[in-house]
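Novice: Okay, here's what each chain looks like letter by letter:
2 protein chains.
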Amino acid sequence: MEKVLEKIRRNERMSAMLKILSDTPGKMYTLSHFCALFGAAKSTLSEDIDALRQTVEAFDLGRLETVTGAAGGVVYRPEISREAARDYIEGLSRELSGTERVLPGDFLYYSDILSTPETVNRMGRILATEYAATRPDFVLTMETKGIPVAFATANALGIPLVIARHTSKVYEGSAVNINYVSGSGNIETMSLSRRAVRENQKALIVDDFLRGGGTARGMVELMREFHVEVTGMAFVMAAVEPIKKKVSGEKSLMTLEVLEGENPEAVVRPAAWLS
Amino acid sequence: MEKVLEKIRRNERMSAMLKILSDTPGKMYTLSHFCALFGAAKSTLSEDIDALRQTVEAFDLGRLETVTGAAGGVVYRPEISREAARDYIEGLSRELSGTERVLPGDFLYYSDILSTPETVNRMGRILATEYAATRPDFVLTMETKGIPVAFATANALGIPLVIARHTSKVYEGSAVNINYVSGSGNIETMSLSRRAVRENQKALIVDDFLRGGGTARGMVELMREFHVEVTGMAFVMAAVEPIKKKVSGEKSLMTLEVLEGENPEAVVRPAAWLS
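Line by line, the protein sequences give chains B and W. One point on numbering: in the working numbering, the residue at position 170 of the first sequence is 170, and numbering is uninterrupted. One point on numbering: in the working numbering, the residue at position 135 of the second sequence is 135, and numbering is uninterrupted.
The set of hints was computed from the structure by calculation and includes no laboratory data. Treat the hints loosely; a few may be bogus.
Claimed, not checked - Each computed DSBU-like pair below joins lysine-lysine, with the alpha-carbon atoms no more than 35 angstroms apart:
{"id": "1", "chain 1": "B", "residue 1": "K169", "chain 2": "W", "residue 2": "K202"}
{"id": "2", "chain 1": "W", "residue 1": "K169", "chain 2": "B", "residue 2": "K169"}
{"id": "3", "chain 1": "W", "residue 1": "K246", "chain 2": "B", "residue 2": "K169"}
{"id": "4", "chain 1": "B", "residue 1": "K245", "chain 2": "W", "residue 2": "K169"}
{"id": "5", "chain 1": "W", "residue 1": "K27", "chain 2": "B", "residue 2": "K251"}
{"id": "6", "chain 1": "W", "residue 1": "K251", "chain 2": "B", "residue 2": "K27"}
{"id": "7", "chain 1": "B", "residue 1": "K244", "chain 2": "W", "residue 2": "K169"}
{"id": "8", "chain 1": "W", "residue 1": "K169", "chain 2": "W", "residue 2": "K246"}
{"id": "9", "chain 1": "W", "residue 1": "K245", "chain 2": "B", "residue 2": "K169"}
{"id": "10", "chain 1": "B", "residue 1": "K251", "chain 2": "W", "residue 2": "K169"}
{"id": "11", "chain 1": "W", "residue 1": "K27", "chain 2": "B", "residue 2": "K27"}
{"id": "12", "chain 1": "B", "residue 1": "K169", "chain 2": "W", "residue 2": "K251"}
{"id": "13", "chain 1": "W", "residue 1": "K244", "chain 2": "B", "residue 2": "K169"}
{"id": "14", "chain 1": "B", "residue 1": "K202", "chain 2": "W", "residue 2": "K169"}
{"id": "15", "chain 1": "B", "residue 1": "K27", "chain 2": "B", "residue 2": "K169"}
Can you make the complete structure from the sequences, with help from the hints?
Specialist: Here is the structure:
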């Protein structure tokens, strides 16, 4: 990356710079870094960045943020407009609705959606856009199905992912365990390595599914044990029933209702806050 | 995204095009798509793409592949040079070596590394570069710790991730279960939803850690049940001991040896194939 080309044209420099910035969302690059990389003057790069800022906004490709001063530089935020977010989630809701994906017990099969990179990255961008202002230090999820979307959200925010486990594993060192009541009414254990989190950090909870909110409530309690503030809770899908959840203030991308009958039908809708 | 700007300058067009391409690795875009987006002629866009191809290669930012003909277009591959890959893994190996990360039982704590997006994306790019030529249809991993790096690899290849579970969950529908002998000598169960995979597909196995190879062997057997060919096996870390593994032909990014003593020390080295 330290290579300096002989004569780098503006379009090449700008393309490479946006690519480097957008590969590492939330990471600040100093102008000096790009000066060394491209062999260009700071004033030239400032003009490039101004032009790039307009380009990414015009095509809804995110946002470039410049910070002035000694500790200054430029950082890319993969924000997405509310309109594009709604359009995307509407399309996904249509794809998930119908009779084909309903499993015995009125569960919805959507594991494929939850691990298709293009879809997962888009969902991560939407959640990151919504929660960036709360400035979380990490994203917390509970294994297993929510891990890809939680990772994509962490990636879009430029912060680490932390994964709570069902049991403490020997290879994670000393851990804090709590018990919680799961959606099925069972008492289960949630465990997190002591090394994973520091006191007074802020956590954004991201998971795949919210039914009664037992697991989400467990994650909130787990964070309390670590003296970590929860700045938000986001889910890919929330069941309409039960209406009363054990948590509040959460946001989901979609809601799920299963209409019973001989051929049970899933009705998936974009969440109200997206419209 | 259908927005056409009044007069789009070349540098803006090229920057936006590379950003769109690199957001969705492995996805083919037709020239017509960009013609509509930018209001430019095909010949103009072909020139832009030629210039972009040189730019990404000059700065080791991946590779642009153009396919001619009716079904043609342009696709971005986030490949990384062997030299950059080795430099990165050398740095990571140094960070993981020493006494601080050794846990009781001579395990190494590196869950943080396995869920830091920038690191995970880099490892995913390295593995994708190595296995792209085998043309897998999906990446397979076994829950939990390898999921982020498996997802990043799938993302870099532009293919889905498939996650095998310890037990079949009601919300994944009918599943295939197999039993396997884990590293600790216990007989464990591995389960995968029938809907997750189709016959005659090709799988790339990616996981966080290889000790004896019991779990990896289980994944190979699971794929056999689905009539899926395994095109490769990749791990973030492989223990030096036991030397004889239950699988062969695998590649890891790093090797781990723990020197016993009062203060056990982890010796982490880049794998030989990287040099």
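Novice: All the hints need checking, so say for each whether the structure fits it.
Specialist: Against the structure, the hints:
no., hint, in the structure
1, B/K169 - W/K202, "holds, 31 angstroms"
2, W/K169 - B/K169, "holds, 21 angstroms"
3, W/K246 - B/K169, "holds, 23 angstroms"
4, B/K245 - W/K169, "holds, 22 angstroms"
5, W/K27 - B/K251, "holds, 30 angstroms"
6, W/K251 - B/K27, "holds, 30 angstroms"
7, B/K244 - W/K169, "holds, 25 angstroms"
8, W/K169 - W/K246, "holds, 28 angstroms"
9, W/K245 - B/K169, "holds, 22 angstroms"
10, B/K251 - W/K169, "holds, 25 angstroms"
11, W/K27 - B/K27, "holds, 26 angstroms"
12, B/K169 - W/K251, "holds, 25 angstroms"
13, W/K244 - B/K169, "holds, 25 angstroms"
14, B/K202 - W/K169, "holds, 32 angstroms"
15, B/K27 - B/K169, "holds, 32 angstroms"
In terms of the numbered hints stated before, the structure departs from none.
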